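Engineer: What the sequence shown shows, in the numbering used here, is residues 95 to 226, in sequence order.
Bear in mind the hints are in silico, worked out from the structure with no lab data behind them. Any given hint might turn out to be false.
Unchecked claim - The calculated label-pair distances, taken between Cβ atoms and stated as ranges, are:
no. : residue 1 : residue 2 : range
1   : K207      : R166      : 27 to 33 Å
2   : T161      : H206      : 18 to 24 Å
3   : Q205      : V98       : 39 to 45 Å
4   : Q105      : K207      : 52 to 58 Å
5   : G151      : R116      : 52 to 58 Å
6   : R134      : T103      : 21 to 27 Å
7   : P102      : Q200      : 48 to 54 Å
To be verified - Here are the simulated lysine-lysine pairs, DSS-like style, with alpha carbons at most 30 Å apart:
no. : residue 1 : residue 2
8   : K197      : K215
9   : K111      : K163
10  : K111      : K165
11  : K108      : K163
12  : K165      : K207
13  : K202      : K215
These numbers were taken from a predicted model, which means no experiment stands behind them. The C-beta atom is built at its ideal place from N, Cα and C for all residues, glycine as well.
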Amino acid sequence: MPCVPYQPTRQYCKLCKSQGHRTDVCPTPMTKACSNCRLRDPPEDHTCEPECALCGGGHPTAASECTKKLKRVPQRGWPPLSHKHSTPQTTGLLKRRWNGDHKRAQAKQQQHKGKKAQNKKAKNKAQMRWWK
Numbered sequence: 095m096p097c098v099p100y101q102p103t104r105q106y107c108k109l110c111k112s113q114g115h116r117t118d119v120c121p122t123p124m125t126k127a128c129s130n131c132r133l134r135d136p137p138e139d140h141t142c143e144p145e146c147a148l149c150g151g152g153h154p155t156a157a158s159e160c161t162k163k164l165k166r167v168p169q170r171g172w173p174p175l176s177h178k179h180s181t182p183q184t185t186g187l188l189k190r191r192w193n194g195d196h197k198r199a200q201a202k203q204q205q206h207k208g209k210k211a212q213n214k215k216a217k218n219k220a221q222m223r224w225w226k
């Protein structure tokens, strides 16, 4: 048996003939609609042609030939690489650091270390006061 990824279907109510919810949670369960053309409160002797609520085709809603029956799920992860042997230079993953960027990063790191030391000293002072 082949293994295929799960694809959710669009929710379609068979009572009110609208999409977005299922029959068991229909907000208007007393509303009657034609099963082919989705006409609300149809007369008993009306003639109609089937029209799909999902794609507008000439078949019943959510039939097996419906092209919009399955919900499109966005793909996750990285896009496939086009190169057989990829390197950081060809994929664009190599990040270049310019001289100014490097200096700014070093300055931020030094600033962070200074704040960390100040916080440690303040914490030690607070603990010493508590012990006395």
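Engineer: Quick check: which numbered hints come out false for this structure?
Structural biologist: 1, 2, 3, 5 and 12
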